[in-house]
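Undergrad: The chain contents come next:
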Amino acid sequence: MLPLLVYFLIFFLYPVVQLFTSAFTSGSGSFTLNNFHRMFTDPAMAQILPTTFYYFIGSLGLEFLVGLGVALLVYSYTGRLRGVVRTLILLPLAMSPVVVALMWMLMFDLNYGPINYFLGLLGVPAQNWLGNTSLSLPSLIITNAWEFSPFIFLVVYAGLQMIPVELHEAANVDGLGRFQTFRYVTLPSIRASIVVALTLDAIGVLKGFDLVYVLTNGGPGYSTSVLSFYIYEVGFSFLQAHYAAALSLLYLAIIIAFVAAVIKFTSLEDYLGLKKMVEK
Amino acid sequence: MKISSAIKVALLVVISAFYLFPLYWTLITSLKIPTDIFTSPPVFLPIKITLSNFFTPGSIIGAVSQTAVGSIPWMIDSSVVAGLATLASTFLIGAPSAYALTRLMKRGLWLGRLVLFMTLIPEAAMLVPFYLIVIGLHLLNTWWGLMLVYLSFTAPFATWLMMGFFNDVPKAVEESASIDGLSSYQIFYKISLRLVTPGLVAAIILSFISCWNELLYALVLTYSPFPGGAQTVPVFISGFIIIEKGFAWGGLAAAGIFTMLPTLVLGVLAQKYMARGLTLGAVKG
Numbered sequence: 663m664l665p666l667l668v669y670f671l672i673f674f675l676y677p678v679v680q681l682f683t684s685a686f687t688s689g690s691g692s693f694t695l696n697n698f699h700r701m702f703t704d705p706a707m708a709q710i711l712p713t714t715f716y717y718f719i720g721s722l723g724l725e726f727l728v729g730l731g732v733a734l735l736v737y738s739y740t741g742r743l744r745g746v747v748r749t750l751i752l753l754p755l756a757m758s759p760v761v762v763a764l765m766w767m768l769m770f771d772l773n774y775g776p777i778n779y780f781l782g783l784l785g786v787p788a789q790n791w792l793g794n795t796s797l798s799l800p801s802l803i804i805t806n807a808w809e810f811s812p813f814i815f816l817v818v819y820a821g822l823q824m825i826p827v828e829l830h831e832a833a834n835v836d837g838l839g840r841f842q843t844f845r846y847v848t849l850p851s852i853r854a855s856i857v858v859a860l861t862l863d864a865i866g867v868l869k870g871f872d873l874v875y876v877l878t879n880g881g882p883g884y885s886t887s888v889l890s891f892y893i894y895e896v897g898f899s900f901l902q903a904h905y906a907a908a909l910s911l912l913y914l915a916i917i918i919a920f921v922a923a924v925i926k927f928t929s930l931e932d933y934l935g936l937k938k939m940v941e942k
Numbered sequence: 134m135k136i137s138s139a140i141k142v143a144l145l146v147v148i149s150a151f152y153l154f155p156l157y158w159t160l161i162t163s164l165k166i167p168t169d170i171f172t173s174p175p176v177f178l179p180i181k182i183t184l185s186n187f188f189t190p191g192s193i194i195g196a197v198s199q200t201a202v203g204s205i206p207w208m209i210d211s212s213v214v215a216g217l218a219t220l221a222s223t224f225l226i227g228a229p230s231a232y233a234l235t236r237l238m239k240r241g242l243w244l245g246r247l248v249l250f251m252t253l254i255p256e257a258a259m260l261v262p263f264y265l266i267v268i269g270l271h272l273l274n275t276w277w278g279l280m281l282v283y284l285s286f287t288a289p290f291a292t293w294l295m296m297g298f299f300n301d302v303p304k305a306v307e308e309s310a311s312i313d314g315l316s317s318y319q320i321f322y323k324i325s326l327r328l329v330t331p332g333l334v335a336a337i338i339l340s341f342i343s344c345w346n347e348l349l350y351a352l353v354l355t356y357s358p359f360p361g362g363a364q365t366v367p368v369f370i371s372g373f374i375i376i377e378k379g380f381a382w383g384g385l386a387a388a389g390i391f392t393m394l395p396t397l398v399l400g401v402l403a404q405k406y407m408a409r410g411l412t413l414g415a416v417k418g
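Here the protein sequences line up with chains A and B, keeping their order.
According to the numbering used here, numbering within the first sequence proceeds without interruption in unit steps and concludes at 942.
According to the numbering used here, numbering within the second sequence proceeds without interruption in unit steps and concludes at 418.
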């Protein structure tokens, strides 16, 4: 109890107080609202917020579709290689995002990369994936989806495995078609898994920094600068700690609002077993 | 299911290839001779292979700087920092806090929520204050400074994970120990902690992987490698990439493969814990 509160004090309360102090002061230490005023007038922010939003929606959407699809497919396959396929799909989750970024730089390489080669076979001209402002964000999203769609797979697949066999048999006996079985039997059974997968993946996407930093370094221009990256850039490249602190508060507020909304509108806490764990 | 199994197997092959190919491509790039790397059409099955990319960067034009085996000082830093942060967060903070929350405390709900919330805080949001704190403690570029900051995400994670494992221990076990006259500290240390060994292993392995792979804090809190500094592997790789991208693909691929091995092996070994850990206990798998 006491150690936990001390920990909370050192690792959360004190840093957050420090964030507030930095954000509401100027370089000379006097009170100011300039750092927040600047947020609204900063031309970079006019690009960073939409970029963060598209990156968020794109990554989450692609990861969810791919993860769910793969989970349903692996689940419906009952052959011997199921375990091998599962292990294989989970590999990206243990890899460092920095190395994943490197791997995809090799894949996206303009002249010698396999992606441009395969597209060339289909008659598509070579693309400068990471250097073209309209392709850089999709490339980042693809890389992100490669690394984190296995997370969605992992959660949904585990949810699928917990569906009692009898449920599917009953649906079969009742003469439900494949789509109806999916809609009325499978989907409701994995609702908890889907909520957990989407929530935690959303947080993971919002946290993302490493892939952006290595793969595109926020560029070209600001085309892949997401909020987390911009905070780093403002604080540690432009050396404007006070403005970075103000941006951090905005970032923290977004995360808190998101988590609070999820907890309010879904049973996330029950799915994670919170009440069960703390009840005596 | 109406999809014939042939189509299903074909789809599974495509999916496996999608997840495996970037890894395969990086692996063969690390083993290729330079003329096979810088050629179009790409070489998918290199005939001549070499290990020289691991010892020399193989750069033709770029500023030849680093090599895969040259990353060993950075690996020492990563191992020490990840090891210290992991052990401290699991044994000093995680397990005792989780035990207190699930067993001893009357009003644990809000504290439990707090722990959950702290596992979700993004690193970038705390970057400025942690930097100021580490500077203030004169711990910049040290194992201790980085390890301390890593506790900010490993400790709540370990606590949350261990809460789930303690919750799975039947209360009857502890009750009978209590009847036998053991104090609650003895019950924790001698009985419950032994029964949650899988949880401890899961917390240790997953925390270790996340510390080993962490980039952002290491980037701003360290500036030189062992000995004397504490710069970790992800900073090494990202710096290497920034200098040599487009040039030393062979050396970079070799460094990526070489430094990825520890966490990849741990990840495969800890597969059955990965689901539970990464989903914060929602999946017991």
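Please note: incorrect hints may appear among the correct ones.
Computed cross-link-like contacts, BS3-like style, restricted to lysine-lysine with a CA-CA straight-line distance of at most 25 Å [stated by the list, open to error]:
#1 A:Lys-937 / B:Lys-417
#2 B:Lys-405 / A:Lys-938
#3 A:Lys-926 / B:Lys-239
#4 A:Lys-938 / B:Lys-239
#5 B:Lys-417 / B:Lys-405
#6 A:Lys-926 / A:Lys-937
#7 A:Lys-938 / A:Lys-926
#8 B:Lys-304 / A:Lys-937
#9 A:Lys-938 / B:Lys-304
#10 A:Lys-938 / B:Lys-417
#11 B:Lys-405 / A:Lys-926
#12 B:Lys-239 / A:Lys-937
Just so you know, the hints here were simulated from the structure itself, not pulled from any lab data.
Undergrad: For this structure, which hints from the list above don't hold up?
TA: 11
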